[in-house]
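Visitor: Residues per chain, in single letters:
Protein chains: 4
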Amino acid sequence: MFGDPLDNSIKETVKFCPLLVILANRIADGRTMSAKKKRNISVETINQTPIESREIELVERKGIGHPDSLADGIAEAVSKALSHEYVKYCGGILHHNTDQGEVVGGETIPAYGGGKVIKPIYVLVVGRATKHFNGVDVPADAIALRAARDYLRDTLPRLDLESDVVVDVRMGVGSTDLRDVFTSCGSGVPRANDTSFGVGHAPFSETETIVKSVSDYLDDTLRREHPVFGPDVKIMGLRNSDSITLTIACAMIDRYCEGIQEYLDMKTLLAEEALQIAQKHTKRKVQVFVNTADNVDKESVYLTVTGSSAEMGDDGSVGRGNRCNGLITPGRPMSIEATSGKNPINHIGKIYNLLANQVAQECVEKVDGIDEIYLRFLSQIGRPVDYPLVASAQVLPKPGMRVDIINYDIEKIIEESLENITSITRKVINGELKTF
Amino acid sequence: MFGDPLDNSIKETVKFCPLLVILANRIADGRTMSAKKKRNISVETINQTPIESREIELVERKGIGHPDSLADGIAEAVSKALSHEYVKYCGGILHHNTDQGEVVGGETIPAYGGGKVIKPIYVLVVGRATKHFNGVDVPADAIALRAARDYLRDTLPRLDLESDVVVDVRMGVGSTDLRDVFTSCGSGVPRANDTSFGVGHAPFSETETIVKSVSDYLDDTLRREHPVFGPDVKIMGLRNSDSITLTIACAMIDRYCEGIQEYLDMKTLLAEEALQIAQKHTKRKVQVFVNTADNVDKESVYLTVTGSSAEMGDDGSVGRGNRCNGLITPGRPMSIEATSGKNPINHIGKIYNLLANQVAQECVEKVDGIDEIYLRFLSQIGRPVDYPLVASAQVLPKPGMRVDIINYDIEKIIEESLENITSITRKVINGELKTF
Amino acid sequence: MFGDPLDNSIKETVKFCPLLVILANRIADGRTMSAKKKRNISVETINQTPIESREIELVERKGIGHPDSLADGIAEAVSKALSHEYVKYCGGILHHNTDQGEVVGGETIPAYGGGKVIKPIYVLVVGRATKHFNGVDVPADAIALRAARDYLRDTLPRLDLESDVVVDVRMGVGSTDLRDVFTSCGSGVPRANDTSFGVGHAPFSETETIVKSVSDYLDDTLRREHPVFGPDVKIMGLRNSDSITLTIACAMIDRYCEGIQEYLDMKTLLAEEALQIAQKHTKRKVQVFVNTADNVDKESVYLTVTGSSAEMGDDGSVGRGNRCNGLITPGRPMSIEATSGKNPINHIGKIYNLLANQVAQECVEKVDGIDEIYLRFLSQIGRPVDYPLVASAQVLPKPGMRVDIINYDIEKIIEESLENITSITRKVINGELKTF
Amino acid sequence: MFGDPLDNSIKETVKFCPLLVILANRIADGRTMSAKKKRNISVETINQTPIESREIELVERKGIGHPDSLADGIAEAVSKALSHEYVKYCGGILHHNTDQGEVVGGETIPAYGGGKVIKPIYVLVVGRATKHFNGVDVPADAIALRAARDYLRDTLPRLDLESDVVVDVRMGVGSTDLRDVFTSCGSGVPRANDTSFGVGHAPFSETETIVKSVSDYLDDTLRREHPVFGPDVKIMGLRNSDSITLTIACAMIDRYCEGIQEYLDMKTLLAEEALQIAQKHTKRKVQVFVNTADNVDKESVYLTVTGSSAEMGDDGSVGRGNRCNGLITPGRPMSIEATSGKNPINHIGKIYNLLANQVAQECVEKVDGIDEIYLRFLSQIGRPVDYPLVASAQVLPKPGMRVDIINYDIEKIIEESLENITSITRKVINGELKTF
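Protein chains in written order, with the numbering used here: chain W, 1266 to 1701; chain G, 1266 to 1701; chain A, 1266 to 1701; chain P, 1266 to 1701.
Because the hints were derived from the structure by calculation, they are not lab data.
Any given hint could be a false lead.
One copy or two, either will do: identical chains are not told apart, so a pair holds if it fits within one copy or between any two.
Straight-line distance between alpha carbons at most 25 Å, and here's what the computed SDA-like set of lysine to any residue pairs gives [said to hold, decoys possible]:
#, residue 1, residue 2
1, Lys1548, Asp1636
2, Lys1381, Glu1350
3, Lys1550, Ile1306
4, Lys1381, Glu1427
5, Lys1396, Tyr1377
6, Lys1396, Val1438
7, Lys1353, Glu1681
8, Lys1302, Ser1508
9, Lys1663, Glu1320
Computed from a predicted model, the values in this text were never measured in an experiment.
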């Protein structure tokens, strides 16, 4: 049941608050409905050059400190904070979308040993939220402000929130019609807020795995030992036939770096560590370049005060960076929709993208014989979210596999995922799913 | 030559201003260079299910009045205005990027015959621009403000710029390093500002053609006769095997609509017209739905004061809408980069995306035997823009075609396009290329 | 009756809208009340050195284009526009206060013959307004935006509103308690919004008259012939015994000035014209200095693009400039309250200041024998505005006058003014009273 | 000497930084100059009804948590922080003026025991500052942001800076001409930035003393024991002949108040304590009213979450509250200029107002026989600040005193104060002088 993973206070409120009741009843309803109505699921075998056999493959990841990722992270933090507050006070998640917002770059003067922020970064939190519900006033703006600041503090520890950033909020209330759609789901199932779609694929290619792994290693391990590596790390992976090139742009933090020699040493270290990680995932030839725009003679290197290029005039927006699988993969089908910040109840741009990735992974894990799988879920505005207009899987089977069995299993996984679609909501607000 | 299509004053300034000299000398340089150095061009034949043979295809277009498109259009208008001013006063296009910015939705009360704007839309123009060059002060903020307002006036004729919108500007100056890269190109060729890529494909599928054609017909013809159809038209095309469904969300303008009956009549008209356009491009079965979220009983319909959902709390950002071919095509390779607002000299996210689309189209027009072609250009920061790290074409040949000949012709087209890459810049600032 | 000077539509709405009824019934009620209750009016004779006999007298006026005056003018324009809208749609003036707001200076590069605005002025319109009343939505933000822009256009004709200024709006709704006070006046009389006071004096001293007259002559006559004299003219009058010095700082407009010689000629002209005006009002010796901070050798003179120092970084706020008699007179009692922008129904800081000046003038005009008179009205929050806690007049009689008769006449004028206090409201919204 | 009270690092920098040299040499220069040039000092005896003998006297004070006082305090905190930074890095105080800025009210829902902030307060810090000097970049915006936030934290301990307030900064650089005036003072004395004046009086009347004392007692003593009394306390004192009425509006803090009864008890307590303080300073009859706008039946009382009415939509601006003696006294000469936030070197609106008050007090303390004294200092733009155009004292002597002796002593005090005028600067940046 939806409420289970949440705290007990919800069980209390369930009796009084209509929305949670709706959500709590959802699966039962869903089951009933599925007995009556067949879902439109299409599984098709495709015939195409597998990704690993193509000549050229490009993969990019913007690290958590990149301005676009900061915008994504703030948007999602705000949505999560609102969701928790709505559940706490209103017994269910109310309408909101904070999938917008802008990080406007500041100005700094980095210096070995520690420079200074001259002009603060400006962050504009934008979106819509329900501010009054059933007699309860929800302090949506104050919640958003706190969530954004907390997120920045966690993500950029070297950013002094007292002097280096202005966080501003301009949140409206949603359009009446959309809220109608949302609250009129008395029949038990959230309805799609839009005619839109989500896409996902699995498994990751070697290059995708490498780019993601190097980024994770930096975030989880390397930065702890070497805080000089700022959180704004952009990794571009290019596979040209059997040769993989990683180009890493890493914002070095000045206070942890005594001079140009240490800077250069750190670049070398990063290149070496990245190479090692990469080689765990491939037998192809790998080359790593770090901060290629540096001009050491002119002492023009990628040194920062805060570890993010947002400090130096680089702007960022929600939805302009990684897709919800953490990567940008122009060789794969992608959704343009921002996953971060959208409400996790009925916003297709969020739910179906997360679902598509989750289902693709599950298929690869549970079903033998899949070389590649591409999932697409298409909604129609007003339809129950568990009954997409179409759920489509495109499968590239391994040579010699029984396609009919594969397809049957896949269809079953899709069917079950749709029945259980509200688990996406739950995982999102519990922070179990990343959105960028 | 670059300067030709521009006014004569440039020829004057060419003598004094280094940047234009650079640009003017570019092709000659390029030729010399290409004699010396071979470009890394890869043309590969791929084997995949052609788009028309796949079960499911999704295509979306956000019309010019959609909040995301407004953000794109403003960003590009600002870049164009800055480029013209730079050329006029400094003899060349100086560093700038205005590929950010936010449209924060307002609040209106639509009413048949004419409603009112309650809370103005808020537009934040963000970016970086060169404000001082060679002793000349460039009024970048004032130029940006005017360009943004002019664009809004042209695009949303029913938006009263005196009361319905606040346009704010927070433009910084670029990071020093990036400007180094840009102005140090004394050797004659702009250098890539980033390690990034552009993608494009051709030809359009039936569904793609239909979605684009319906949108164009609305903008070019139908709205002139029936101003009730606002510029914010979102078209979602779904092809499910041989059945195509168009879902159109069109913001109707209240002052041109007397009542619910006229509103319904207009929906019917739009559906009929869209169907006719669609049928010109396909023999498949087509269905059209308009404003499916309407609830006529509750009188909750898609009526607006200004013709854009930005009036009612819908926010928009640069780069969140259409790709530079005018569509969102999750089944095709796509770039996540915003094309609009980037500087048209050396910003890969703009130039290579526009180039990839242009080359793909040119290949299909000039080379027989191509079923589908996908172009990718990858830069490395600091490399001359006409020497991408790799230019890659993936070709799906028509059955029975001589692949070697096709590939030779394609390579030649790519080669020539790269030699002539600055024509992209020229076309952009002359408004010959659309970016969304 | 209050409603008379307004349009007929009000008489219609009077039947349905409680507030206008209240206002319409006001005088009758007032009369009834005054029959029952005596007003607390104190008229006292004071013994002090008359202003003209003091050694030193300082008088200042900030012209209509001064940043503080711009802020005042915008605030009052917004209040007036809201008042008209409230009357039109709701039958009475609803609660609002827009007596705040900031003009943040821009950046320009003036040049003889015409310079340019580099960075737009930023205007923040702040305040509170009723946005919903009796089922009617009042587009307060849109009204405020338009009113502010219209005011700027009228006042600074050389300011290009498309590129030279950003007008932003952050209007809230009033505090609940204050609105209670305002709307609960069912007994027929608006009640004071605050414990506050207003002050005024009459007649003007010679120096006061001169400063005001020179400013008026510039605005009404001289600028029409010589548009080079921008609207931002600050006049400081110092009387040192029998010698009067006028120091005028006048923002010259560059496009109307060919070069330094014309600039200097214009300074001379202004000094001569001001001298002539001054000499009409005094027999004392008068000296005039214009733009004393100019350094002609360094070509550093007071040249502007728009005619206001707001273009060059000078900020302005509501209530920081002239008092409601158009002057700043540190030798006279003054109110610190901003008169501009406050609601003209029950805001003491507006009504009592305007009233005090009007009554002082009326006394001087109608009662013989007054050398100087100072009026003070003190409210207590919640009391009817026509029953101040105390209305106090301090009179400096001419030598040999019958004080008792003077005082009787003055008391009568005060009494009648209070009975008729709503005429202040009417005059304000009809634009008959200046507030700065 | 100027540098003495500051830290040793200044003595170091003195050698290298021209401005401090200027300042350090100032007194010597001043002395030399005064040997050559006589100051224009006028002391005149006036004949007027002493303040205590007038029928009506009004005195007001806005407590430190009042929105206008918050704006003042922030402006002054920013100026102080900039001054310290300038001294530290540049060896002298550079040009700046931060005497503008706006506090835009938020929205709260107070509740006994603790309510919540719904919409954050918005604070706009505005002004001009020198950002580059002699090769040093001064992080003026970051300094301003931190100073404003620190000030808010200290002043409103119940305001959560993470969620309840947005502090934004829009600081420009000053106009070139003004900076000329400021830095061209190579001859050793800061020159007046403007033609302006400062005024002050002494001693305080009974009512003035009472209003100030009650406010101080609240801030220094009562609030420590009873944190329920928020820092936003507005005190209005009215003396009507021999009867004094204090009307106190005190923002009670909800978390320190259990219910309506405690609220009412606290009102009573405050009234009693204020009465006791008042009676220490007068033998006149005193009445105290607290929160007169309360409507207990409707449970509409002056309860707040943060202790400032800024939380509920009340806006505030710099310079709209107390004069630099801490009071608003419409019966006394007042300056309209904001003292807070102006640069303490050459801004007349700050220095001369502080000086006038200081000199007035000193005269009363050191010279026998003064009943009332009023000081006025008038500058002319470009003149050395220690040579005002005129320094004027108006004295109301006690009956029977030798006026010539009094006047001689006063002139001497004025003379010495002007010689030592830079001590004002030093005291301001050391926080020894209050500005509101």
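Visitor: Could you run down the list of hints and mark each one as holding or not?
Guide: Now for the hints, and whether the structure bears them out:
1. Lys1548 x Asp1636: So lysine 1548 and aspartate 1636 pass the 25 Å test inside one copy only (19 Å; across, 34 Å).
2. Lys1381 x Glu1350: between (37 Å within a copy, 13 Å between copies)
3. Lys1550 x Ile1306: between (41 Å within a copy, 20 Å between copies)
4. Lys1381 x Glu1427: both (13 Å within a copy, 23 Å between copies)
5. Lys1396 x Tyr1377: between (47 Å within a copy, 21 Å between copies)
6. Lys1396 x Val1438: both (7 Å within a copy, 15 Å between copies)
7. Lys1353 x Glu1681: Classified as neither: same-chain Cα gap 29 Å, cross-chain 60 Å, threshold 25 Å.
8. Lys1302 x Ser1508: Between copies only: 21 Å across, 50 Å inside.
9. Lys1663 x Glu1320: both (20 Å within a copy, 20 Å between copies)
Hint 7 alone, counting from the list given before, is not met by this structure.
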